[in-house]
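In order, the protein sequence lines correspond to chains C, A and X.
Position 451 (the first sequence) corresponds to 451 in our numbering; numbering is contiguous.
Position 206 (the second sequence) corresponds to 206 in our numbering; numbering is contiguous.
Position 69 (the third sequence) corresponds to 69 in our numbering; numbering is contiguous.
It is worth saying that the hints were derived from the structure and are not from the lab.
Remember, it's a predicted structure, so these values are computed and weren't measured experimentally.
Treat each hint with caution, since some may be false.
Stated by the list, open to error - Some chain X residues judged to face chain A by a derived CB distance under 8 Å, without partners named:
| # | residue |
| --- | --- |
| 1 | T49 |
| 2 | G52 |
| 3 | T55 |
| 4 | I76 |
| 5 | N77 |
| 6 | G78 |
| 7 | V164 |
| 8 | A202 |
| 9 | H210 |
| 10 | N214 |
| 11 | A215 |
| 12 | K220 |
| 13 | G225 |
| 14 | P227 |
| 15 | E234 |
| 16 | I240 |
Said to hold, decoys possible - Derived pair list, reagent style DSS-like, types lysine-lysine, alpha-carbon separation capped at 27 Å:
| # | chain 1 | residue 1 | chain 2 | residue 2 |
| --- | --- | --- | --- | --- |
| 17 | C | K547 | C | K560 |
| 18 | C | K509 | X | K12 |
| 19 | X | K12 | C | K346 |
| 20 | C | K466 | X | K5 |
| 21 | C | K273 | C | K346 |
| 22 | C | K290 | C | K312 |
| 23 | X | K20 | X | K53 |
| 24 | X | K4 | C | K346 |
| 25 | C | K547 | C | K306 |
| 26 | X | K53 | C | K180 |
| 27 | C | K346 | X | K79 |
| 28 | A | K86 | X | K20 |
| 29 | C | K180 | X | K4 |
| 30 | C | K180 | X | K196 |
| 31 | C | K483 | C | K547 |
| 32 | X | K5 | A | K88 |
| 33 | C | K151 | X | K196 |
| 34 | X | K224 | A | K88 |
| 35 | X | K4 | X | K53 |
| 36 | X | K53 | C | K509 |
| 37 | X | K4 | C | K509 |
| 38 | C | K151 | C | K312 |
| 39 | X | K220 | A | K88 |
| 40 | X | K224 | C | K346 |
We put the beta carbon where it would ideally sit given N, CA and C, even for glycine.
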Amino acid sequence: MRQPKIIVVGGGLAGLMATIKVAEAGVPVELFSIVPVRRSHSVCAQGGINAAKNTKGEGDSTWKHFDDTIYGGDFLANQPLVKAMCEAAPAIIDLLDRMGVPFNRTPEGLLDFRRFGGTLYHRTAFAGATTGQQMLYALDEQVRRFEAEGKVRKYEGWTFLSAVLDEQGICRGICAMDLKSMQVRTFPADAAIFCTGGIGAIFGRSTNSVVCTGSAQSALFQQGVHYANGEFIQVHPTAIPGEDKFRLMSESARGEGGRVWVPRQPGDPRPPKSIPENERFYFLEEWYPKYGNLVPRDVAVRAIHKVVFELKLGVEGQPAVYLDVSHLPRELLDRKLEGILEIYEKFLGVDPREQPMKVFPAMHYTMGGLWIDDENQATNVPGIYAAGECDYHYHGANRLGANSLVSCIFGGMLAGPAAVRYARNLERGADAVPASVFEREQRRQEEINERLLRQEGNENPIAIWKEMGQWMTEHVTVVRYNKNLERTDQKLQELLERYRRINLSDRTKWSNQTLNFARELYNMLILARVITLGALRRNESRGAHYKPEFPERDDQNWLKTTRAIYDCGNIRFEYDPVDVSLIPPRPRRYDVK
Amino acid sequence: MTASGTSTSHREYFWRKLHSFTGIFPIGAFLAEHFWSNSYALVSVEKYNEVSRGLQTIPWRVPLEALLIWLPILFHGGYGVYLWWKGKSNVLDYPWMANWMYTLQRWTGLVAFVFIGWHVYTERFLTQGKSTYADVERALSDPLYFWLYIVGIVATSFHLGNGIWNFLCKWGIATSARAQRGAAWFGALVGVTFTAVGLAIVLGVRFDWKPFEFYTLPRQ
Amino acid sequence: MAEKKTVLVRIKRQLAPDQKPYWEEFELTWRPFMNVIILLRDIAERPVTREGKVTTPVAFDANCLEEVCGACAMRINGKARQACSALVDQLEQPIRLEPLTKFPVVRDLFVDRSRMFENLKRMKAWVPIDGTYHLGEGPRIAPEVQQRAYPLSRCITCGNCLEVCPQVNERSDFVGAAIINQVRLFNLHPTGAMHKRERLDAVMGPGGVHDCANAQNCVKACPKGIPLVESISEVNRDAIRQAIFGWLFG
Numbered sequence: 001m002r003q004p005k006i007i008v009v010g011g012g013l014a015g016l017m018a019t020i021k022v023a024e025a026g027v028p029v030e031l032f033s034i035v036p037v038r039r040s041h042s043v044c045a046q047g048g049i050n051a052a053k054n055t056k057g058e059g060d061s062t063w064k065h066f067d068d069t070i071y072g073g074d075f076l077a078n079q080p081l082v083k084a085m086c087e088a089a090p091a092i093i094d095l096l097d098r099m100g101v102p103f104n105r106t107p108e109g110l111l112d113f114r115r116f117g118g119t120l121y122h123r124t125a126f127a128g129a130t131t132g133q134q135m136l137y138a139l140d141e142q143v144r145r146f147e148a149e150g151k152v153r154k155y156e157g158w159t160f161l162s163a164v165l166d167e168q169g170i171c172r173g174i175c176a177m178d179l180k181s182m183q184v185r186t187f188p189a190d191a192a193i194f195c196t197g198g199i200g201a202i203f204g205r206s207t208n209s210v211v212c213t214g215s216a217q218s219a220l221f222q223q224g225v226h227y228a229n230g231e232f233i234q235v236h237p238t239a240i241p242g243e244d245k246f247r248l249m250s251e252s253a254r255g256e257g258g259r260v261w262v263p264r265q266p267g268d269p270r271p272p273k274s275i276p277e278n279e280r281f282y283f284l285e286e287w288y289p290k291y292g293n294l295v296p297r298d299v300a301v302r303a304i305h306k307v308v309f310e311l312k313l314g315v316e317g318q319p320a321v322y323l324d325v326s327h328l329p330r331e332l333l334d335r336k337l338e339g340i341l342e343i344y345e346k347f348l349g350v351d352p353r354e355q356p357m358k359v360f361p362a363m364h365y366t367m368g369g370l371w372i373d374d375e376n377q378a379t380n381v382p383g384i385y386a387a388g389e390c391d392y393h394y395h396g397a398n399r400l401g402a403n404s405l406v407s408c409i410f411g412g413m414l415a416g417p418a419a420v421r422y423a424r425n426l427e428r429g430a431d432a433v434p435a436s437v438f439e440r441e442q443r444r445q446e447e448i449n450e451r452l453l454r455q456e457g458n459e460n461p462i463a464i465w466k467e468m469g470q471w472m473t474e475h476v477t478v479v480r481y482n483k484n485l486e487r488t489d490q491k492l493q494e495l496l497e498r499y500r501r502i503n504l505s506d507r508t509k510w511s512n513q514t515l516n517f518a519r520e521l522y523n524m525l526i527l528a529r530v531i532t533l534g535a536l537r538r539n540e541s542r543g544a545h546y547k548p549e550f551p552e553r554d555d556q557n558w559l560k561t562t563r564a565i566y567d568c569g570n571i572r573f574e575y576d577p578v579d580v581s582l583i584p585p586r587p588r589r590y591d592v593k
Numbered sequence: 001m002t003a004s005g006t007s008t009s010h011r012e013y014f015w016r017k018l019h020s021f022t023g024i025f026p027i028g029a030f031l032a033e034h035f036w037s038n039s040y041a042l043v044s045v046e047k048y049n050e051v052s053r054g055l056q057t058i059p060w061r062v063p064l065e066a067l068l069i070w071l072p073i074l075f076h077g078g079y080g081v082y083l084w085w086k087g088k089s090n091v092l093d094y095p096w097m098a099n100w101m102y103t104l105q106r107w108t109g110l111v112a113f114v115f116i117g118w119h120v121y122t123e124r125f126l127t128q129g130k131s132t133y134a135d136v137e138r139a140l141s142d143p144l145y146f147w148l149y150i151v152g153i154v155a156t157s158f159h160l161g162n163g164i165w166n167f168l169c170k171w172g173i174a175t176s177a178r179a180q181r182g183a184a185w186f187g188a189l190v191g192v193t194f195t196a197v198g199l200a201i202v203l204g205v206r207f208d209w210k211p212f213e214f215y216t217l218p219r220q
Numbered sequence: 001m002a003e004k005k006t007v008l009v010r011i012k013r014q015l016a017p018d019q020k021p022y023w024e025e026f027e028l029t030w031r032p033f034m035n036v037i038i039l040l041r042d043i044a045e046r047p048v049t050r051e052g053k054v055t056t057p058v059a060f061d062a063n064c065l066e067e068v069c070g071a072c073a074m075r076i077n078g079k080a081r082q083a084c085s086a087l088v089d090q091l092e093q094p095i096r097l098e099p100l101t102k103f104p105v106v107r108d109l110f111v112d113r114s115r116m117f118e119n120l121k122r123m124k125a126w127v128p129i130d131g132t133y134h135l136g137e138g139p140r141i142a143p144e145v146q147q148r149a150y151p152l153s154r155c156i157t158c159g160n161c162l163e164v165c166p167q168v169n170e171r172s173d174f175v176g177a178a179i180i181n182q183v184r185l186f187n188l189h190p191t192g193a194m195h196k197r198e199r200l201d202a203v204m205g206p207g208g209v210h211d212c213a214n215a216q217n218c219v220k221a222c223p224k225g226i227p228l229v230e231s232i233s234e235v236n237r238d239a240i241r242q243a244i245f246g247w248l249f250g
């Protein structure tokens, strides 16, 4: 029998999980990653991973997890796969536990669980406040073991450029570039699984890592893979603003008892500790008495926006609110939250165990992503699979905290075996595809490099990127107005026009980061348009997508999956019905008791 | 010393452990004995000569010397030079306490090796193994030799004291930060004691200082 | 408006592994909460030296920018540390940026640390599970053991401990504290401990734990405060035990 070969692009949680599954099935894998996989963005996930193991006698169940997820996502997610994910979650935790993730423990030696946003149960397993890091390492180690056994070959320091599609539009491999030698090469494979993560860089500064540009997703989109629900962008309520990035302050700070507040008196100049209780406005607890500080992120973000921009109650008149853990015992903070408190302390020189932290919302996650089917993580292009943040499937219109880690692992667990099945059933493998198919794609990509290195112009790629980020952050995040969305799209088109005249400040052919960035920038601009246009068209408010002009959810017209399609340079939209067969949509209200 | 059923070479591990072990035993132990018997110089010339003569006339002397002193020192010193060459001190970039100790350990080892070689050559071989108080006294009356002894003794004592600390850490006897601090104090105590005793002997011979001479006086 | 404050930076550059390194100096506009990453990005946006010479952006490795991915380690004013958490206001000027010296330079401040990952492979730094299919819950672990393992598991493979170690250099193949710490971590785990022997066997191999000479710089340079010296000592203890018992009874 022909031995198939599978490529995984992206070495975060989803990519590593998919790799493990494929390797376990005895199929050789080539794993591509821009950074050494151990440095992937999953490392930044802090708070934990959800699974309804019901170890606290609260009567939690996987159905309740499922219901919270669907309700939290404002009924936009297709339900069957979400249900399957929630049902798989407890076993996923067991698996990670077996792999050696140092989850916090109860005195009995069992896994400890904390509370997180959008639920009333202790459902989140955690390893200090660096759960993603610990999970990533555990999977990385398993992959390293397969690597040592010769079952996995890693290409770290390579960036994905495009899929190789044959005449029938079937994926036969990928084209990638070595970021050291800048060599462009094609790699044949029978199926490719994309786990290329977030798109934060499109918003300039976000909580994401540098590599989270969405470039791979955009490249695939431009090759015909559909992109779904792009307009659903999660803004995280509590991040530390910085010039280079927004550093996340995990929801777990609130899960462990942290409180969000502002002084009742606008512009109160007093140091926070000297402001008495009755002059503090714990607005989340007041407005959402049942969930308090643990309302879903979209709700918390809009509340903060209201407090800061409408009520003008931002701390010291600035766009900031207090996230306060200083009332909690030091021992608890050090045992459960050290990882994040250390970040605040290092970057701002203030000890959050003593002083409330000053935080503000920041772009954090994309619910939207590559369109996949309802069972296999398969995109509309045969041979292309997607899993992790870069797929659209699990979080509807708003993701609940600590659900992303589950969806990454679950997606990887589905995609790996699905790709193996597909590859084994292929009548004609990648080895039978004429070399010209690969040569053509390689040539196409080399030409892009040559043109960028050759062309003279007066536009600076970083300046274009910054401008895009500012527009996207201002108009396509928390509050969206159609007029502004239109203007943003015009702006993006103008930037694309200017992109044609960019001038690279580095024309060398060795480890040229400027060239790679310029390539990514183009892809970011395209995906920015997908997000903006999707938002413009969706005239309702649902989850993270909020339009004051259309403040209500409109199930009549918009209980639909957005599907963006790239058509000869144009972006076209189609809408699919959402599978709500398990939980009928109901109004989403967190402010009632 | 290879674990059964594996192909990993443990040769280097073996030599390294042997190197650190020989530093304590027999070399450190012999140094203690050496300082002990030479301390008789602080009692009286006669006593010193009596004790040396006693040691010089033990049965199986040469094979014992070879096995317990010369070979271990040659190995410890020789392999030590190789280790000295393999490390690259960066104490100027990172001037931390333990890093200073690391650097000093290497250099004092080198100094001690050269000093001991010269010392053995002059006091053991040139005297045909029959060195007396007078020989030592003559040597120390030369200011150059006198200072060589001072430097040699300080370096050797430091190397032993710090070596004991290293030994305790590197053999996993002192593992926690607290235990390692304790081990450091112990090593320091050994180093300081050996330096003090060694210097006392040299000064005693050089300046005819006999603080324990009264032991030999008859009861009054 | 008040006069603009500036920041002086000197950067050791190198176009490629086989090229000669050279220094360039930049003068940049100061901003509050500026870190070394922002400096380098500002240079990338306008790559002009202090003398007005147009140059190329500085190549460097960075990803998470919150000191958890380990990518952006470099020598800043002579000390190995992460660029993202190096705040300009806390650095003496001119700020000197150099690549790590214990790893091959790819370009400018970008170095190749793949050796560390290779060594993790050698040390079998993993919990060998039977498979990812459902095999029930993991072993129970006392909270106290978890509290001991977790800090060890926070190693970001930045390589700072290797950079500051005098025993890591071109004459020696010492794997360094980070790797030995992982041996300890996996030997602590109930399932990992079943394969302790193999790991100790590897760590007694060439470049293993015996190459540590107790300079203890690693623990001082570790950005995550991992008790590396303790880890090395514990591995030493287990190794010597295995060596002696293996020799006597094995």
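Problem - Hint check against the structure, violated hint numbers in rising order - result: Violated hints: 1, 2, 3, 4, 5, 13, 29, 30, 32, 37 and 38; rest satisfied.
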